[in-house]
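**Student:** Fit chain B to the known structure of chain H by using the hints.
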Amino acid sequence: MASSIRVRATSTGDTTEVQALIQHPMDSGFVKDAKGEIIPPHFIQELTFEYDGKAVFVADWGGGISKDPYVKFAFKGGNKGDEIKIGWVDNKGTSDATTTKIQ
Amino acid sequence: MRTRPAIRFAPLALALAALVLAALVLAAPTARAADTPDPVADAKAFQKFYTQKFPKVKFEDFVNGPYSMNEDMHRQWEEKEQFPPYEFALEAGKEMFSKPFKNGKTYADCFPNGGIGIRQNYPYFDEKEGKVVTLELALNRCREANGEAPVSYVKDEMASLTAYMAFTSRGKPMDIKIPNDPRALQAYENGKRYFYTRRGQLNFSCATCHVQSPGERIRAEILAPALGILNAMPIYRSEWSGMGTTSRRFTTCNSQIRGVPLNPQDDEYRDLEYYLSYVSNGLPISGPGARP
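Keeping their order, the protein sequence lines are chains H and B. All residue numbers for the first sequence refer to our numbering, where the first residue is 1 and numbers rise by one. All residue numbers for the second sequence refer to our numbering, where the first residue is 1001 and numbers rise by one.
In case anyone wonders, no lab produced these hints; they're calculated from the structure. Do not take every clue at face value.
Listed next, with one range per pair, are the computed distances between beta-carbon atoms [stated by the list, open to error]: (1) B:Thr1208 with H:Lys76: 29 to 37 Å; (2) H:Lys76 with B:Phe1101: 51 to 59 Å; (3) H:His42 with B:Arg1219: 27 to 35 Å; (4) B:Ala1220 with H:His42: 26 to 34 Å; (5) H:Thr15 with B:Glu1189: 55 to 63 Å; (6) H:His42 with B:Gln1212: 42 to 50 Å; (7) B:Gln1256 with H:Gly63: 48 to 56 Å; (8) B:Ser1255 with H:Lys35: 15 to 23 Å; (9) B:Asn1180 with H:Gly29: 35 to 43 Å; (10) B:His1074 with H:Lys35: 37 to 45 Å; (11) H:Thr99 with B:Pro1084: 37 to 45 Å; (12) B:Gln1082 with H:Gly87: 21 to 29 Å; (13) B:Arg1141 with H:Lys35: 39 to 47 Å; (14) H:Thr48 with B:Arg1198: 50 to 58 Å.
Think of the CB as a built atom: it goes at the ideal place given N, C-alpha and C, for glycine as much as any other residue.
Isolated chain H (complex conformation):
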C-alpha cells in the first residue's frame, strides 16, 4: 500500500521548511453516521519528525484535528540531502512512517 504520508522538506540556507500531508480519517468519536450510530474515535495521537536522530517537531494530537491533516513548520539547520524521518501513531495503535531527503 502506498504510504499515508506525503512530505517535502526544502532547505532555505539556515532553516529547513517541512510540509506534510497525512491521510487519516481523524474521527473524533463524537460524530454519528447516516444510521445514527457513533463513529468510534480514530485519530492520530502522536506525530514525530526526526532529523539527525533528534525530534525536531512532536505533536500530541486528538480528535480536534481535521481529516487528512496538513502540517507545515520550519526548523534551524538541516542540509540538503540529509534525511528526515516522519512517523505517526494513532489511538488504535496503528502507525506509519516514512523518510524523505531535504531538497
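**Tutor:** What follows is chain B alone, placed relative to chain H:
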C-alpha cells in the same frame, strides 16, 4: 374650436400608427431569430461578460474559481497547489484506472485513446442515444458493460477516477461540440434553461450566484464564476473534507438554495453540464482542483 387641432393632427396620428406597424412587421423576423438557439453567439457573449467584468483576470485563470477572483486568494491557491490535497485521490484513481476488472479488461478499453487526455471532450452528445453522455456516466457504463457494479456518482471512486482522467488532460482546451442534430441543440437549450431558472425556497438560479455575483462573498465563501467552473472538476473541497464530482457540485448547489436536488446524472443535469462546458470552450482543463 377645441376639436380643430385634433382633426388637424389626425393624418399625423395615422402616419405614426403606420410607422409603428411597419416597425413591428420589420422587427418580427429578428425577434424570431433571437429565439432560435445560437450556441456560438452564446458562448462568445458569456465569455465576454466575464472578461469585461474582471478585466484584470487572465482568460485561462477563470478555471481557478474563487482563487482567480483576487490577489490574496490567488496567493493562497499557489501555496495550496504546491501541496495539493487531491493528491491521495489522484493516486487512488491512477491505481483503479490501471487495475483490470474481473474479466481482464480495464477502463482504458472503454475510452478513445485509452482514456488518457480526453477529459476536454466530455460531455458529448451521443447521436445514437439522442442524449448527452458525461464522463461520469461513461465510467459507470464502462463498469456495467464489464460486469462490475456501478459506483456512487458523487465521491470516492468516481471522484478519484475522474481526477486521474482530468489530470492526464490538464492544459488541453475544453472542446465540446454540438453536432448538427436538433436533439443536441435541444439538450443545449434545456441545459441553458436549467441554468437560468430560479428554484428552491431561496429562489436562486445557478446564474444568481455564478453569473451575477462571482467574486462576491456568500457568508465566508467567495463565489466562483460559472465560466470554467467545470474545467476544474472533480474538486477537493475543504468544506467537504473530501473529493466531489460534478454531480456532487450540482446536487449540493440545489440543496443549498433549499431546493430538492435531482438524482445525479438525470437528464437535466446532463444537459446542464453540456451547456456549461460548451460556454467554457477554449479554457484549459485544470482538474482536479482544490477549493476552500
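**Student:** Work down the list of hints and note, for each, if the structure agrees.
**Tutor:** Comparing the hints with the structure gives:
no., hint, result
1, B:Thr1208 with H:Lys76: 29 to 37 Å, "violated, 52 Å"
2, H:Lys76 with B:Phe1101: 51 to 59 Å, "holds, 52 Å"
3, H:His42 with B:Arg1219: 27 to 35 Å, "holds, 31 Å"
4, B:Ala1220 with H:His42: 26 to 34 Å, "holds, 28 Å"
5, H:Thr15 with B:Glu1189: 55 to 63 Å, "holds, 59 Å"
6, H:His42 with B:Gln1212: 42 to 50 Å, "holds, 43 Å"
7, B:Gln1256 with H:Gly63: 48 to 56 Å, "violated, 28 Å"
8, B:Ser1255 with H:Lys35: 15 to 23 Å, "holds, 20 Å"
9, B:Asn1180 with H:Gly29: 35 to 43 Å, "violated, 59 Å"
10, B:His1074 with H:Lys35: 37 to 45 Å, "holds, 42 Å"
11, H:Thr99 with B:Pro1084: 37 to 45 Å, "violated, 22 Å"
12, B:Gln1082 with H:Gly87: 21 to 29 Å, "holds, 23 Å"
13, B:Arg1141 with H:Lys35: 39 to 47 Å, "violated, 31 Å"
14, H:Thr48 with B:Arg1198: 50 to 58 Å, "holds, 54 Å"
The structure is inconsistent with the numbered hints 1, 7, 9, 11 and 13, although it conforms to all the rest.
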